[in-house]
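Peer 1: Next come the chains, spelled out residue by residue.
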Amino acid sequence: MKRGSGLFLLSAILASLAATTPAREQAVFRAQTESVAISASVKRNNAAVVNLSAADFRLTDNGVTQSIDAVTIESVPLDVTLFMDTSGSTAGSLDHMKSNVISIAKMLRPDDQFRLLTIGLSVDTPVPWQRAGNPIALDMKAVPGISLVYDALFVALTHTPAAGRRHLIVAMTDGQDCGSLLDGARVLDASGRSEAVLHWIYVSNQGDFDQLSVPAWCTPTDAGEVDFVAESATRTGGDSHRSRLGDPAVRTFAQILEEFRRSYVLRYSPNGVTGNGWHAVTVQVPAQPALTVKARSGYFAR
Amino acid sequence: MARITCAAIALLIALAPALHAQAPGVDVTGMLDTYYKGGRDEAVARAAGLSDLGPFRLRFVQDSPVWVNQDPARIDARSAAAAAFLLEVTAARLESDWGRFSDLIEWTCVRLRATARPTEFERAWHAASHALAGRARARQWLLGLSPRLPHQKPVTDRPMKANERPPATHLMHALERFPDDPQFQLSRVVAWSWGRDSEPMRNVERDGGDAPARRTRAPQLEALVTLEPLTSIAVVAPEAWIRIGLVHFSVGDYASALRAFESAQPIANETSMKYLAGFNAGRALEGLQRADDAMLAYRRALEIVPDAESATVALTSLQFMRDDRDAAVSAIERVFGRKPVAADPGRLMGYGSFMRWPDLKAAMRKALP
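So the protein sequences, as listed, match chains A and B.
For the first sequence, the positions run 1 to 302 when the working numbering is used.
For the second sequence, the positions run 1001 to 1369 when the working numbering is used.
Worth flagging that the hints you see were computed from the coordinates, not collected in a lab.
In this text, all values refer to a predicted model and were calculated from it rather than measured experimentally.
Virtual Cβ for every residue (Gly too), placed ideally from N, Cα, C.
Please note: incorrect hints may appear among the correct ones.
[Said to hold, decoys possible] Examples of chain A residues lying across from chain B (beta carbon under 10 Å, computed): (1) Pro128; (2) Ser180; (3) Glu258; (4) Gly272.
[To be verified] Below, a list of computed lysine to aspartate or glutamate pairs in the EDC-like style, where the Cα atoms sit at most 20 Å apart: (5) A:Lys141 / B:Asp1076; (6) A:Lys106 / A:Asp247; (7) A:Lys141 / B:Asp1052.
[What the hints assert, rightly or not] To spell it out: a stretch of chain A is covered by chain B in this simulated footprint if at least three of its residues, at any positions, have a beta carbon under 8 Å from a beta carbon of chain B; those stretches are: (8) 152-159; (9) 187-195.
Here chain B stands alone, though its shape is the one from the complex (with noise of 0.2 Å):
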């Protein structure tokens, strides 16, 4: 209870500057009434639509706990709704207002751990807001100021500066919580990965004098030794594979990633995963000039996802390199023709699990008690 009252003395002290402003109009205890309810798209859109968060911010402190309390024999259902609502809205807003809700979502982390057991709806409300929180690659609120990998030495953190709070360590609470669970044992090294990885994306880099000194030495490797155990867990075992792939491919060690991709190739089952090992395998091979395999990992990769733009890039740019202009100018006409159909893992794969947000929001409503 403590820790309650403490992270909500914080949290209304960073607000207190809403605190004189008005809030006209914004019914927090309505909204949670109706997403409650099963009014769930309803209640956010009415959230998401506030031209101004700072009330909403102040009200959903203010009002939610009395929200939870009204019905006594219904807590846990009330909390838990409470705190879906509020990343459901997180991420109607993400783009442009990550900074005003994290400390929103690290206040209701709170409030859930303060139940005696862990249950699968917190799970799943951890899972989602690490989604989230990977869009905006928080690792510092995730995992705190010096961030270590389990293998590692615990370092003292740097001083504060003056005014500063200290980071949240969301991901940390969620392995309290849940220390086994495989899927946040992945977010963490993933997480850690962010600052260190050299943008995974980018197209191959050119080898300068340093690279062979780069791929042993490179601080991101240190991954590894967390990726690798995974990979004999079936649930993270793809992801896992990929990721290990994308650390290699940082680091200019084409061939391991490719390597890394071709394990992730046959166990993958989520289309997500499908993509990324075929995909990447595509772009290591681009890396190991080998352009004829590229192009085919590519255009297999299409046939996963079609009409994909990462690969349909990754592709055309081949092709139009090589004057096979026609291919691409259609391929390129037809893709970007037309407005985006779904999400690009290809794109989203710096993002941690952004990638699976809709998985996670399903699967966080569906756990709601």
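Isolated chain A (complex conformation) (with noise of 0.2 Å):
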């Protein structure tokens, strides 16, 4: 049987790649031909634990334990998707918005990657994949009455990063969709699929709204069923924050970013669960239960 998304397909090709990847990360990503890789990050209190060894962990696949290795990416190269929401409902911060992209990207490592996206009538790439370090050339305008956040946040999701690298995606949105073609469900499925960890940074520029531009005509159909966004996050292993753009975003970020650097990822193959589709995963550590465990909530099989 062939498993879907939160897995990494590692097989021959990977095996022959592996000869030419470093000591560490062919102990990180070993050759498997069915493999689960789940996220997680681990703190006692605000900091994060990093000792962990593959023993200290309980993980449940559909309720049925598996047996896992535990490894820390501290040394994973990253791709790093930042999601900035130019629509009306924060334009009015571009000049913020700006000035956190260039701050952002100059925390990455080298052998980082990293992009934008933005929206306006249409989802943006204002910044394409590129080597961090390298110079950004930024050109973001704001659009005012649409906000295709929904479709972005599905844009970002199917990225899947090379063997050896993870991906992760920062969204700064006040999470109000209007106009995307997608609806939140599918996102939602989308990050259950995905092999991204979702973070949101909640950031509003409520009252800064030019009332001369043009205006949000749309109702979403989503408001105040589900928080889409959040549910994503969740889904993926991640979380959602609250901050405000300017300097308290990208503190958030960096937050972010360490916690991320500083996650594991529990590989397994799995044993005594079959089926096609939704795989509920839980993560626990449980010698320690005062310690924190945030862990991607499940993966697709296919």
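Make one complex out of these two single chains by using the hints.
Peer 2: Written out as structure tokens, the structure reads:
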């Protein structure tokens, strides 16, 4: 059976790649034909706990305990997608956004990759994937009256990082979608199939909206039903945060990045579970119940 | 003439705060000269680059009539140039400043309507102005406080609030001048539907318990009465069918929506209409739970507008959910890994004729006397 998202399918191709990767990565990405990778961060109060081993974790797949390897990912290069909501609700802070992008890109390591997504009448990529450290040519503009948050998140979630890399998405938005083709439920589905970890930084620019720009017109059908952005973040093992554009948002990003670099990837070959569809996953550190564990809530098998 | 005077007085009152401001360096007369002599893009770029539009607004009202009357033998041509210049500047600043131009457009409309006979330029100018209002979905500005369709009984407008000015009813002025223009008739019903269309671009709604009732009682169904006769007028028939389909789609009647989109497909000539007919057929098929057929429809739409973002998102979201992951990722990385190349009709269909703005601008320029 071939398994789906949330998995790294490391087959013969990756086995051959392993021969050229550093020793540490060979240990991280063991060649297997079927493997599930679950992101998990572990914290005591607000501090990351980084000295755990596979034996410390208990992981269940659809209720069945699995045998796992646990590996920190400190040295693994990252693909970082930054999504900036440049719609009317946040557009008044465009200058803050631009400076935030520059500051955030500088936090990354030379072997990381970075891209920037924004939204207007389309989902835009003002900064396509590029090596961290390269100069960033920013061409951001604000477009009021439309807010393609769901479509942008879907685009972000579909990225599949190369073997030996991980994908972090940080979305700075108020989460209010307006005019996307996709609805929140489909984004939630996609987050379960994505290999990314999504963090949502809630930012808003309420009260600073130019009443003479084109008005927002849509009435989100999802309003008041489910907070799809927050749920999507949770499903990927990420989290929701509140901040303000400018220095506070940069600090929040720094915390997310630090936590992500110090989180674990738990890998296992599913044993005793079959079937396509959603597999609910739980991760615990049984011997230390005081620890807070945030992990991907499951994956879709196919 | 009395109408022009009234409109000018009203606009000057609105501009009163700017009267106290200086207007250094805003040479509207020079911009109009440049535009009139053929330097159209240059003139528009100069105006669009202004950091403060207040002085421009003031100068346009004060100086453009003087500039128009400078050559009595060419008043019509100069008046048309001033009107076209204004729309092009509006387009350049549309997203951030629609509300700073809409009253100037209506002021210009009053001046154009003062001529005895409607001209082809006036028709083209109106069509272009409706496109810009479409991006703003300015229903009241186009149709008034209590917009009605031709078959509906008029109603009394709600009482005006203190200090509230009546909306322009800009599109109704166009229809007074060009009552038989099918494009304006179509624009009227499209504008009427704004605010009643439940986001036509939104993905398939889930059927709630009231779904059947929604399909028969939804207010937007009234639009069908006006749209259906337009399907027999060749020049607007493809879009009329597409708008009919969108009305059905918005109430969850996907079978009727599909029939309408399929009716548009063989008669659509414009690229945008061909694309919308195919793309929306895909969305209706999704609503009917025919995912394979929907994917086929999206692929066909992408043959019409390669790499269109709307069909790409729709198709890849299905592929991603069906674990055809490689195809989805490949398409997403290709389409979103580069700067957008052209406007996507699927993104713009909720904004009336705005998707045609480049063509309408070209037609307006061509019609300049």
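Peer 1: Run the structure past the numbered hints and jot down the numbers of the failing ones, going up.
Peer 2: 3, 4, 5
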